Amino acid sequence: DGGITQSPKYLFRKEGQNVTLSCEQNLNHDAMYWYRQDPGQGLRLIYYSQIVNDFQKGDIAEGYSVSREKKESFPLTVTSAQKNPTAFYLCASSTGTGGFLVNTEAFFGQGTRLTVV
Amino acid sequence: QQQVKQSPQSLIVQKGGISIINCAYENTAFDYFPWYQQFPGKGPALLIAIRPDVSEKKEGRFTISFNKSAKQFSLHIMDSQPGDSATYFCAASINQGGKLIFGQGTELSVKP
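Chains as they are written, first to last, in the numbering used here: chain A, 9 to 125; chain B, 15 to 126.
Note that these hints are calculated values from the structure, not bench results.
None of the values given here were measured: they were computed from a predicted structure.
Cβ coordinates follow ideal geometry from the N, Cα and C atoms, glycine included.
Since no wrong hints were added, every one of them can be taken at face value.
EDC-like mimics (lysine to aspartate or glutamate), calculated; alpha carbons at most 20 Å apart, straight line:
1. A:LYS17 / A:GLU80
2. B:LYS56 / A:GLU32
3. B:LYS56 / A:ASP46
4. A:LYS78 / A:ASP38
5. B:LYS71 / A:GLU113
6. B:LYS85 / B:ASP45
7. B:LYS56 / A:GLU113
8. B:LYS85 / B:GLU70
9. B:LYS72 / A:GLU113
10. B:LYS19 / A:ASP67
11. B:LYS19 / A:ASP46
Here are the simulated distance ranges between beta carbons:
12. B:GLY74 / A:SER15: 31 to 37 Å
13. A:ASP62 / B:PRO96: 43 to 49 Å
14. B:LYS85 / A:SER81: 34 to 40 Å
15. A:LEU35 / B:LYS72: 23 to 29 Å
16. A:SER88 / B:SER123: 37 to 43 Å
17. A:THR85 / B:ASP93: 43 to 49 Å
18. A:ASP62 / B:GLN17: 23 to 29 Å
19. A:THR85 / B:ASN109: 24 to 30 Å
20. A:PHE20 / B:ASN36: 36 to 42 Å
21. A:ALA89 / B:SER21: 30 to 36 Å
22. A:ALA89 / B:GLY30: 48 to 54 Å
Covered stretches of chain A (in silico footprint by chain B; criterion: 3 or more residues with CB under 8 Å from a CB of chain B, positions within the stretch not fixed):
23. 52–60
24. 96–102
Go ahead and model the full structure; you've got the sequences and the hints to work with.
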């Protein structure tokens, strides 16, 4: 089955700790994304990558870091610099820059719920 | 800067009724407008999407109406069913399906 796998489903972080969220896709998509979702709010873009070994900051990148060493994988690290990390984190992938009339649908994983304890 | 505004925040509809959710955008460079459906604890799934060269797109019970001059688009769910109860997000992007600007979401509840 093709899709996006996020792990773990639930994650608990102590104050001052870095944690890494995993995202793997087998859709052969070039582009991958990380979004953050807070209750009652839409999704906000943290980081995105259009190609291996390259990534760009989104709207709320402070306190987060990413890497893209393989096409299939785009892990997100929530660092201790992120002051309010409790949220639902969603990874997505798409074929990337599609151009007009090209299907560029973004597929989402099932999310990781991060809680600071 | 909030570039996509969605309303209402919540919506209650009787089974068989029509659910209507509205979105307005600011950036005229947007050229892709998807709607996503999200169930609790799950990731969003694409429901239907439209490009600005058409004014309406219909897929089954779901229709997007698009008004380019007003910079508005809406989702209509005909014959709403309890299984449609979920949170719906509109979004917009420029030439890239995944780098999306999302609306705030609408929590839809369809009563039997």
